[in-house]
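Novice: Residue numbers (our numbering), protein chains in the order written: chain X, 1 to 317; chain U, 1 to 317.
Take every hint as true, because none was put in to throw you off.
Chain U regions said to be covered by chain X (calculated; three or more residues, Cβ under 8 Å): (1) 154–160; (2) 185–194; (3) 202–216.
Below, a list of computed lysine-lysine pairs in the DSS-like style, where the Cα atoms sit at most 27 Å apart: (4) U:Lys178 <-> X:Lys131; (5) U:Lys303 <-> X:Lys193; (6) U:Lys131 <-> X:Lys178; (7) X:Lys43 <-> X:Lys14.
If you're looking for bench data, these hints aren't it; they were derived computationally from the structure.
None of the values given here were measured: they were computed from a predicted structure.
Here a beta-carbon is modelled for each residue, glycine too, at the ideal position from N, C-alpha and C.
There are 2 protein chains.
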Amino acid sequence: MTVTLEECAAMLKKADYIVILSHQYPDGDTLGAASGLCRALQKMGKHARCECSDEMGARYRFLYTGVVPEQFEPQFIVSVDVADSKLLGRLETVYEGKIHLAIDHHGSHVSFSAFEYVDSAAAATCEILPKLIQLLGVEIDSAIANSLYTGLTTDTGCLRYPNATPATYRTAAFLMEKGADAAEINRVMFDTKSRARIEMERRVMDSMEFFDDGRIAMMEISCRMIEETGALESDLDGLSAIPRQIEGVLVGVTFRQRLDGGYKVSLRTQPPIDAAAICAHFGGGGHRGAAGCAFDASLEEAKKQMLEVIRAQLRLP
Amino acid sequence: MTVTLEECAAMLKKADYIVILSHQYPDGDTLGAASGLCRALQKMGKHARCECSDEMGARYRFLYTGVVPEQFEPQFIVSVDVADSKLLGRLETVYEGKIHLAIDHHGSHVSFSAFEYVDSAAAATCEILPKLIQLLGVEIDSAIANSLYTGLTTDTGCLRYPNATPATYRTAAFLMEKGADAAEINRVMFDTKSRARIEMERRVMDSMEFFDDGRIAMMEISCRMIEETGALESDLDGLSAIPRQIEGVLVGVTFRQRLDGGYKVSLRTQPPIDAAAICAHFGGGGHRGAAGCAFDASLEEAKKQMLEVIRAQLRLP
Chain X
1 MTVTLEECAA MLKKADYIVI LSHQYPDGDT LGAASGLCRA LQKMGKHARC
51 ECSDEMGARY RFLYTGVVPE QFEPQFIVSV DVADSKLLGR LETVYEGKIH
101 LAIDHHGSHV SFSAFEYVDS AAAATCEILP KLIQLLGVEI DSAIANSLYT
151 GLTTDTGCLR YPNATPATYR TAAFLMEKGA DAAEINRVMF DTKSRARIEM
201 ERRVMDSMEF FDDGRIAMME ISCRMIEETG ALESDLDGLS AIPRQIEGVL
251 VGVTFRQRLD GGYKVSLRTQ PPIDAAAICA HFGGGGHRGA AGCAFDASLE
301 EAKKQMLEVI RAQLRLP
Chain U
1 MTVTLEECAA MLKKADYIVI LSHQYPDGDT LGAASGLCRA LQKMGKHARC
51 ECSDEMGARY RFLYTGVVPE QFEPQFIVSV DVADSKLLGR LETVYEGKIH
101 LAIDHHGSHV SFSAFEYVDS AAAATCEILP KLIQLLGVEI DSAIANSLYT
151 GLTTDTGCLR YPNATPATYR TAAFLMEKGA DAAEINRVMF DTKSRARIEM
201 ERRVMDSMEF FDDGRIAMME ISCRMIEETG ALESDLDGLS AIPRQIEGVL
251 VGVTFRQRLD GGYKVSLRTQ PPIDAAAICA HFGGGGHRGA AGCAFDASLE
301 EAKKQMLEVI RAQLRLP
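Can you make the complete structure from the sequences, with help from the hints?
Specialist: So, in structure tokens, the structure goes:
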């Protein structure tokens with residue numbers, strides 16, 4: 001059942017012994033929202049803790065500095081930034097059917113809670129939280145502001161993706177006034193790379209090939225690269241954006257080798273090239289600018305087949 | 001003589017046949033401010049044109065789409081984002097002593113005009129311009145908004161440097177409401193790299209060496225790399241930031257080979273390491289986090305000497 005943000009606040013005011021759930025493979029938004037809300041509830045004198053199926057990346061640990069870890073039997077369960085109960089990972093079986101409230105910003109949200117508040121116009125769940133925390137009557141301090149700013153900036157690629165609206169920018173300004181250290185958070189989130197990440201960038205760039213006067217760029221992420229660099233999944237985040245960043249490239253293709261030897265393909269395109277249409281030829285799908293598909297074939301064969309369909313889209317011989 | 005923004009607007013309202021000057025090696029802020037102001041003045045029915053000592057990069061050309069190029073004898077000269085008349089380049093001799101008004105945000109502004117308005121709290125000159133254009137009584141349209149947003153975002157590294165304040169974010173939000181296509185501008189400014197740039201990144205990363213458990217990273221930009229990749233000076237922008245971006249690196253050093261064979265060194269450090277103190281040993285200088293010096297020595301010798309001084313700063317044997 002859909003509720004207003006005022007009703008969310010009323011429920012949380014009445015509740016105690018509250019567990020806050022984040023989604024699996026946690027990102028800055030689900031962790032920032034959880035830690036920000038947990039801090040607010042603890043400031044109200046309530047018992048609250050955060051739970052997540054997976055361990056968080058080291059860069060996110062500061063979000064929980066000073067959050068008191070509490071053990072208790074939960075009486076109220078709220079999820080933040082969880083679009084589907086499947087995304088709770090191993091916590092799905094623990095909490096399925098027991099979640100009171102879901103707060104989310106995904107337009108694709110699939111109902112799984114007794115009550116839900118979904119604002120798909122918000123760029124991040126952390127764009128919703130400042131209003132909620134104010135409705136709770138809690139003063140937003142610098143720790144809460146840092147938590148929420150982190151979610152805002154990571155979900156918008158440092159406010160640069162099309163989902164960032166004037167409201168997102170104004171919320172960011174408000175959080176900075178409440179003490180968020182935007183410059184330091186953005187340095188950690190966007191200007192810091194692991195050794196393995198740098199090593200992966202070097203190797204995928206070494207694998208880059210250009211076709212058709214540089215309008216098509218293809219690169220590979222092999223199991224061997226990952227093994228040799230010791231890269232974690234988080235070190236591979238966004239690598240597939242590299243080919244399309246190159247001037248003149250209309251279609252950027254990344255072939256990620258699977259452990260069974262097949263390839264997962266990520267396609268990124270510039271208008272008017274339709275990535276989803278290209279991937280549909282191979283049983284895949286996605287959006288106009290970003291789509292994916294899979295091949296049970298050698299890299300050479302996968303490249304050849306992709307090139308053929310891409311060239312047809314580019315109307316090249 | 002210092003004037004208020006209201007007085008700037010009054011002067012511009014009275015003026016006609018206006019030339020707007022940008023600084024040499026023009027960036028997004030000086031070009032965005034000039035084109036935004038020029039559009040506003042032309043909308044008022046005034047004669048106005050922009051002048052700059054150097055050609056602008058291809059990525060900035062859209063700022064002038066639809067700006068009518070006008071030839072006339074100037075009656076009023078205004079500079080935007082020019083901190084010192086020296087920075088006018090070859091236009092200095094043309095306009096020195098004739099500039100009526102300077103609008104700028106540099107704290108280091110050196111007076112050179114009859115009247116000046118300098119707001120050093122503004123992250124960019126384009127943070128000042130929306131207020132000025134409103135005082136002129138001109139409705140900010142999407143073309144003006146795109147010009148001004150470009151300056152805001154390029155001068156703040158996509159709103160992520162410490163100079164971006166809540167006011168900067170709010171100005172950005174306002175410009176988006178007036179039609180600025182923030183996502184597209186940020187894609188062009190921050191997510192687009194030339195082939196030569198990608199090639200340079202690959203090569204400098206190949207040259208990277210780590211010392212002292214990864215606390216020191218050193219890399220080289222050789223004349224040969226530049227020649228072989230065809231990189232322009234603009235393709236080298238910010239390369240020296242790469243070593244310090246790596247997790248665990250406290251001191252990042254970039255050795256740029258000079259045509260005469262010597263080396264220009266850029267140092268980037270994390271607190272508490274003082275880059276300026278290290279470079280002072282070699283007759284260089286700069287800030288705590290970023291400094292430079294030069295060596296008339298081989299790369300091996302330069303590295304050896306730098307390592308010695310850096311290790312002393314790191315208090316390592």
